[in-house]
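Participant: Sequence:
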Amino acid sequence: MSQPSLAPLPPQQLEALWAEHLKGEFETKDVEATLATMVDDAYVNHMPVNTGGRGKAALRAFYRDDFIPSWPDDVHMTPINRVVGAGQLVDELRVNFTHSKAMPWLLPNTPPTHRRIEMDIVVVVQFRGDKLACERIYWDHAAVLRQAGLLTEPTRPG
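Note that the sequence shown covers residues 9 to 166 in my numbering.
Hints in this document: simulated from the structure, not taken from any laboratory.
All of these numbers come straight from a predicted model, not from anything done at the bench.
Each residue gets a CB set at the ideal place from its N, CA and C atoms; glycine is no exception.
Only true hints are included.
BS3-like mimics (lysine-lysine), calculated; alpha carbons at most 25 Å apart, straight line:
(1) Lys64 with Lys139
(2) Lys37 with Lys109
(3) Lys31 with Lys64
(4) Lys31 with Lys109
(5) Lys64 with Lys37
(6) Lys139 with Lys31
(7) Lys139 with Lys37
Simulated restraints, written as ranges between beta carbons of each label pair:
(8) Ser78 with Gly157: 13 to 21 Å
(9) His84 with Ala150: 16 to 24 Å
(10) Ala41 with Val83: 13 to 21 Å
(11) Pro116 with Gly137: 30 to 38 Å
(12) Asp48 with Arg164: 46 to 54 Å
(13) Gly157 with Ala24: 36 to 44 Å
(14) Arg72 with Arg124: 22 to 30 Å
Whenever a hint applies, use it, and build me the whole structure from the sequences.
Facilitator: Structure (structure tokens):
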């Protein structure tokens with residue numbers, strides 16, 4: 009097994025590697041192609057709900073069983089901003105979809121609500137050499153729960 013180069017890639021190559029990773033997740037829906045962009049001990053953490061995995065075996069199961077097949081057909085992602093630095097990339101995205109499938113990585117133990125969800129996501133990606141080392145994904149989970157009808161606004165006395 010070859011070791012990834014530890015020299016940091018230039019920003020354009022980081023962006024190309026990230027695009028290849030996203031292609032595996034969202035276009036080709038290819039778990040092995042997605043994992044090929046990652047180091048062996050990579051981790052993914054969807055911070056608000058602590059879903060993802062650490063290491064290729066756990067990530068293979070996560071991508072295969074929970075993440076890749078759960079995206080509704082009407083998902084639309086709009087890039088808002090990207091910052092690329094030495095060995096890291098931060099993406100801001102607006103994501104819209106109908107919650108028409110179970111999405112255990114986003115709404116664990118929740119059946120489809122068939123409601124429209126619009127969420128802003130921040131993805132922090134760190135690289136080790138020529139591979140992804142980790143992804144930390146953040147969003148306002150209370151806003152997602154409200155849109156899914158799972159959290160109501162508190163009533164105020166008045």
